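Protein chains in written order, with UniProt numbering: chain A, 1 to 1045; chain B, 1 to 189.
Wrong hints could be hidden among the right ones.
What the hints assert, rightly or not - Straight-line C-alpha distance at most 30 Å; calculated DSS-like pairs for lysine-lysine:
(1) A/152 to A/414
(2) A/530 to B/101
(3) A/570 to A/414
(4) A/473 to B/101
(5) A/609 to A/404
(6) A/609 to A/581
(7) A/539 to A/394
(8) A/394 to A/414
(9) A/609 to B/182
(10) B/182 to A/545
(11) B/95 to A/570
(12) B/182 to A/473
(13) A/539 to B/95
(14) A/581 to B/181
(15) A/473 to B/95
(16) A/545 to A/394
(17) A/404 to A/152
(18) A/414 to A/545
(19) B/114 to A/530
To be verified - Restraint-style ranges between C-beta atoms, simulated for each label pair:
(20) B/53 to A/602: 23 to 33 Å
(21) A/544 to B/95: 24 to 34 Å
(22) B/181 to A/155: 46 to 56 Å
(23) B/95 to A/505: 49 to 59 Å
(24) A/407 to B/161: 29 to 39 Å
(25) A/319 to B/105: 29 to 39 Å
(26) B/12 to A/582: 40 to 50 Å
(27) A/579 to B/105: 25 to 35 Å
(28) B/175 to A/469: 26 to 36 Å
Unchecked claim - Listed below are several chain A residues computed to face chain B (Cβ distance under 10 Å; list not exhaustive):
(29) 141
(30) 465
(31) 469
(32) 554
(33) 560
(34) 569
(35) 600
In short, the hints are calculated from the structure, not lab data. Owing to the predicted nature of the structure, the values given are computational and were not obtained by experimental measurement. Virtual Cβ for every residue (Gly too), placed ideally from N, Cα, C.
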Amino acid sequence: MLAFMKENMMLSKKKNLIFMVLFNVLLLNCGYVQARPNATASFQGTGDNSKIQSLEPPNLNLPTGDASSSHINHEDSALPSIQHDHHMIKSVQHNDEHVAHGEHASEVGGHSVPERYPVTTVDFARVELPFIIGIWILFASIAKIGFHMTPKINKILPESSLLIVVGIVIGLILYTSTKLHVQPLTPNTFFFYMLPPIILDAGYFMPNRLFFDNIGTILLMAVVGTIYNVATIGGALYFCGMTGIFGVETPLLDTFLFSSLISAVDPVAVLAVFEEIHVNEILYIVVFGESLLNDAVTVVLYHMFETYNEMGASNIQLADVVNGALSFLCVALGGVAIGVIWGFLTGLVTRFTDHVRVIEPIFVFVMAYLAYLNAEIFHWSGILAITFCGITMKNYVEANISHKSHTTIKYALKMLSSSSETIIFIFLGVATVNNQHVWNTWFVLLTIVFCSVFRVIGVIMLVAIANRFRIHKLSNVDQFVMSYGGLRGAIAFALVLLIDPNHVPLAPLFVTTTICVIYFTVFLQGITIKPLVRILNVKRAEKRKPTMNERIHERFIDHMMAGMEDICGKTGNYTIRDKFKRFDNRFIRPYLIRDLKGAEPKIIETYSKLAMKDAIDYMRRNPSTIGQMTGTESMSALFRNYTSGALGGSPSFSNFESSTRNLDMQELDYNPSRKDLTDARIHHLLAEELKPYRRHRRLSYSRHTVDDRDLSTQVNYKMRMNIHRMAQGDRKHHKRSKRMNKDGSKQNHVSFPEFQQNGSAKQLANDYINEVLNEKHEEDSRQAQSDDWEGGLTFIAKSSRENGNAQDESKRYSRDSEGEANRVTTPTAPESILPWKREDDKEDCGVIQQTEFPSWANNKEYLAYNSPSATFLGGITKPKQKNSVIGLFRRESHGESDGGGIRDKRSGSIGGQVVYEIEPTGHSSQFPVTASHRRNTRKGSLLEVSGDTTIPEEILDATKLPKRGGGQPQQYIIAKTTPKNTRSRNNGSSSQQTRGLLSHSSDSEISDDGGVKEKLMKQQKSKLHFSVGSDDEDDEEEGLRMKRS
Amino acid sequence: MGNKSSLLLREEEIAQIQEDTGFTPAQIERLYSRFTSLDRSDCGTLSREDFLRIPELAINPLCDRIVHSFFTDSNDDRVNFRQFMQVLARFRTIKPGKDNKLNSREEKLRFAFKMYDLDDDETISKDELLNILHMMVGANISQDQLLSIAERTILEADQSGIGKITFEDFCRVLERSDIEKKMSIRFLN
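With the hints as extra help, turn the sequences into a complete structure.
This is how it looks when you write it as structure tokens:
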């Protein structure tokens, strides 16, 4: 086994050779520079000196400046301070000698040598500290990469032990080559810079519920267990010391000081190891929770014994002991309180960050860090503070910040904590290599034995107690893992470094012993725990997101259990949680959360996530849905569906009753001819082929604002609504189709419409016929077997929209009808649906406009030329850019005055003509083209919104057609040019300008062509513009309403 | 109170209940004292009002359903102690190797399922789910959102394609949840 491991190590060494070499070179460089305080010092001198210095080669050792102060700087400097040990004093003296000379020399130099401007200077010392920090971080991270490239090793060894090995190697190299004792891991560095990210990460991503469900056991282990361990280990060591086995005197207080720091389970080590072994969550939370919460005990006991030590054993009075106990309460509760307060504050601050999304993550980091430091001010438990800060803030912050900020926080935290962890372990290794070790075999051995033995005994005892109160009993295997997982780590090491050798002569021995214990736990236990967990068949954790059902049913069960506990007259976990939730919902969340999403945010959140996932999955599965769908489907199928639908064979026929409620039905008297359908079909096919996907790029840059398209908190919600709408695009016409859409929306209402429109609607997004046709197509592709074209003719299309699985069609139908029936039966249904319906109302406002439709739709001319194919043939020769910017601008002003102005920048940014509210969909950029059509499609059949763009185009094309004999379709060009315009406008950084884009682009076409129809168009447009405006307003209102509610 | 109630409960009754439900005599006595304290009218049965008098329960969003679950077996809208215990027996912790007839995982799940299933048709329809959602999530959320959530939920669970959640579906979607632990109350002895 050992040989094998060695071999593996060699392998890793080889693989890491390259960066190791580089690493060493750079480290030596640093060490070299630091070893020459003179050089360094010289750079830190006064401005006068440094000027001179800049003329000199950097390592000239020109001793200028205040050498001693520079030394102090080095000692204080956070990361890589180098202990100069005995060299130190010498070099300081050396410097002192030279100071006078240096000053003298500089004076001389200053006077005698005129300064010349140097071409370049080497000034390493100026950047030395941050540079070295950077190097450490860089190489720690590279080391990490290295491990993951050596598959064999990282299966056997936990990462933590590998990092320590690397650290030792580095330490050895530095030690042998520089004769310096690098001690990078100073307690201050560790506690102030390395530990907080790790703990914050742990706290912020703490599974709250799990944590609080097990809080009793955790507290028992953390408080009682740790105290017990301190007492037993300290006592046992002391008694062993009395026998003289150690050969040195081990005073009682010193021993207890040591045992207080060696007893605590270390969160960093536990995290590092447990993250790799994936034990079940309860086991994990018990061990990890213990390691976090025992900090208070450790801090108190450590400071207590430290103080006692300074006071001397004889001076200790009872009062000191009592104070110690009181200070424990203070440290623990104070730390928690500070953390909770800062957590609430963070929630409060993020409530107002919706205008400055980009800085949201910093609040989380900074305020949590401040909580930590704040607790440290009072010597309270910073770990508790930052843990609880993370736990507290999480729920509120996540409700406030945008998804991108959330992702940023997540990754930044993970990155920070994991690099901190890496550095800590490497530094542990490096720190091992020094010449101050005091080896005492018995002391080391006994400490390790006591640590292990008393840990096991303690766990068994305490779990026995805890199990009496637990529903989920901790089994023997669990207990074994708990005791085996009692790893010691960097916190103990940092604490032992803090021991003042003046008060505690045994300090070096303690340091050595601590390192040994850490190595023992991290290496031996860390390496063996993985196979052991496998052998013992410990229940593993399964990482997964909760499904909708789990979320809802479990929440349901929670409520139920709370009720049952109430009935039994028992105050259990459920009751308490229920009470807290109620309190939270009533008194906390309203003040900390910008827009409250009801009492069960988790359900909504899960729903949003799943909806998003559905959408993404759908996209992934069908990368070019439309193309395939339209492409594979034969024309005959199209017509077959059409006819069968028309014959009313559809199972959803039953829905027709409900659809009578819809007033819009009768307004539609336009039936596309078969020829139209065919033409449209061909057009879409061609368009799909011809039109490349357009990638959306945002050209504007702003440091302080991120394009809000996907940043708004309501992302999911809005998206859902939009998609919902979209998915049900035309359902406004029908109750029935709405039903279906409902169904669909649940499935993947998110993505679907986008796709659908993608192919077919691309060019002709705005024209009515196309809308109908689109629907038809979708219908066809979707529900291949059946649909009522009758309704569809007018507007069915929607129903099938959402789900990609055509095979479910019939199923869905039945469901739909059932749902329909049920809905009617539901007491709340009619009223409840109203608000929701209102969403359609906005579309319904389109209904009103629909009346306008026939006025021009019946226009003979229009009908004659409106066929998509005709359009398509319309202006192939036309140069793309022909529609000049001038026209655009003209339009712009025009549009701005028009109702279209309500649109905000997002609408323009994506590129199409009317990108309506796509913003929230994270994936919109992936399918930019389609996005532009959503809105249109949604409204398509009604004409009301898209009307203003499309209609003119249509007509225009129609008019143009004769002129331009064939060629690319006008529309095609429009589609291409408009995005550009949009973008360029966007570039102007005043995103608001993009509003009204919709109308403009179409306008520009018109004006450019200067068609005879322009006037006519304008008239219509004015009408339509009006409608657009109102429509938008409705949308806005809708959004607002949603927000409010 | 405890003394009085235990006096009212005869040995054979305790034995009978113990037989039926698996509660220990101590637990039975404890719960009986709870039962009598809820029974304000001292008639040996509980009415819905008696339940609703528990303040925490009254504000429980699912309070109606929870209370209703006690009345499924009663004809006269009163619950006697036996029925009371029958219901609570489902929440006993599962002891391995012992007879867990009322508190098996399936029984627990069925109990929860029945709380959804108002019309006793062995399925959870969309409206039933929607009702529950409405109770839990409350008024702050738009109805359409709830509806789409309900639909999404049913779609996710529904394997038979009937647009409803059957008990089998229900068990399947919760098979990864630790129902045994979640739906257990540690009854004090």
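Going through the hints against the structure:
For the suggested pair residue 152 of chain A and residue 414 of chain A, the alpha carbons sit about 25 Å apart, so the restraint of at most 30 Å is met. Straight-line distance between C-alpha atoms of residue 530 of chain A and residue 101 of chain B comes to about 38 Å, which puts the hinted pair past the 30 Å bound. Between residue 570 of chain A and residue 414 of chain A the alpha-carbon distance is near 40 Å, which puts this suggested pair outside the 30 Å criterion. Restraint check: the Cα-Cα separation between residue 473 of chain A and residue 101 of chain B comes to about 21 Å, which is no more than 30 Å; the hinted pair holds.
This hinted pair checks out: residue 609 of chain A and residue 404 of chain A have alpha carbons roughly 14 Å apart, not beyond 30 Å. Among the hinted pairs, residue 609 of chain A with residue 581 of chain A is consistent with the structure: their alpha-carbon atoms are about 22 Å apart, no more than 30 Å. Among the hinted pairs, residue 539 of chain A with residue 394 of chain A is consistent with the structure: their alpha-carbon atoms are about 28 Å apart, no more than 30 Å. For the hint pairing residue 394 of chain A with residue 414 of chain A, the CA-to-CA distance comes to about 15 Å; that is within 30 Å, so the pair holds.
Using a Cα cut-off of 30 Å, the hinted pair residue 609 of chain A and residue 182 of chain B holds, with the two alpha carbons roughly 25 Å apart. Taken as a hint, the residue 182 of chain B and residue 545 of chain A pair is honoured in the structure, with Cα atoms around 18 Å apart against an allowance of 30 Å. Annotation: proposed proximity of residue 95 of chain B to residue 570 of chain A holds, straight-line Cα distance about 21 Å (limit 30 Å). The straight-line distance between the Cα atoms of residue 182 of chain B and residue 473 of chain A is roughly 13 Å, inside the 30 Å bound, and the hint therefore holds.
Using a Cα cut-off of 30 Å, the hinted pair residue 539 of chain A and residue 95 of chain B holds, with the two alpha carbons roughly 19 Å apart. A hinted pair counts as satisfied when its Cα atoms are at most 30 Å apart, and residue 581 of chain A with residue 181 of chain B qualifies at roughly 21 Å. With a C-alpha separation of about 11 Å, the suggested pairing of residue 473 of chain A with residue 95 of chain B holds against the 30 Å cut-off. Of the supplied pair hints, the one linking residue 545 of chain A and residue 394 of chain A holds, its CA atoms being roughly 18 Å apart against a limit of 30 Å.
Our distance criterion of 30 Å between C-alpha atoms is broken by residue 404 of chain A and residue 152 of chain A, whose separation comes to about 36 Å. Proposed proximity of residue 414 of chain A and residue 545 of chain A is supported: the alpha carbons are some 19 Å apart, at most 30 Å. As the CA atoms of residue 114 of chain B and residue 530 of chain A are separated by approximately 43 Å, the hinted pair breaks the 30 Å bound. Separated by about 31 Å at the C-beta atoms, residue 53 of chain B and residue 602 of chain A satisfy the suggested range of 23 to 33 Å.
For the pair residue 544 of chain A and residue 95 of chain B, the beta carbons lie near 29 Å from each other, so the given range of 24 to 34 Å is met. Evaluation of the 46 to 56 Å hint for residue 181 of chain B and residue 155 of chain A yields a failure: the beta carbon distance comes to about 33 Å. The hint said 49 to 59 Å for the Cβ distance between residue 95 of chain B and residue 505 of chain A, and at roughly 57 Å that hint holds. Checked against the hint of 29 to 39 Å, the pair residue 407 of chain A and residue 161 of chain B passes, with Cβ atoms roughly 36 Å apart.
Distance hint for residue 319 of chain A and residue 105 of chain B: a CB-CB separation of about 56 Å, inconsistent with the stated range 29 to 39 Å. Range check, residue 12 of chain B to residue 582 of chain A: Cβ separation about 42 Å, and the 40 to 50 Å hint holds. Under the hint 25 to 35 Å, the C-beta atoms of residue 579 of chain A and residue 105 of chain B, about 28 Å apart, fit the expected range. At about 27 Å, the beta-carbon gap between residue 175 of chain B and residue 469 of chain A stays in the expected band of 26 to 36 Å.
With a cut of 10 Å, the hint placing residue 141 of chain A at the interface with chain B is violated, because the nearest CB-to-CB distance is about 36 Å. Given hint, residue 465 of chain A at the interface with chain B, is violated; its Cβ is 14 Å from that chain's nearest Cβ, farther than 10 Å. Interface restraint check: residue 469 of chain A against chain B, minimum CB-CB distance 7 Å, threshold 10 Å, status holds. With a least beta-carbon distance of about 6 Å to chain B, the hint placing residue 554 of chain A at the interface is held under the 10 Å criterion.
Against a cut-off of 10 Å between C-beta atoms, the interface hint on residue 560 of chain A holds, since the closest Cβ of chain B lies about 6 Å away. Hint on residue 569 of chain A holds. Least Cβ distance to chain B is approximately 5 Å, under the 10 Å limit. The beta carbon of residue 600 of chain A is positioned within 10 Å of a beta carbon in chain B (closest approach about 5 Å), and the interface hint is therefore held.
Going down the numbered hints, you'll see the structure goes against 2, 3, 17, 19, 22, 25, 29 and 30, while the others check out.
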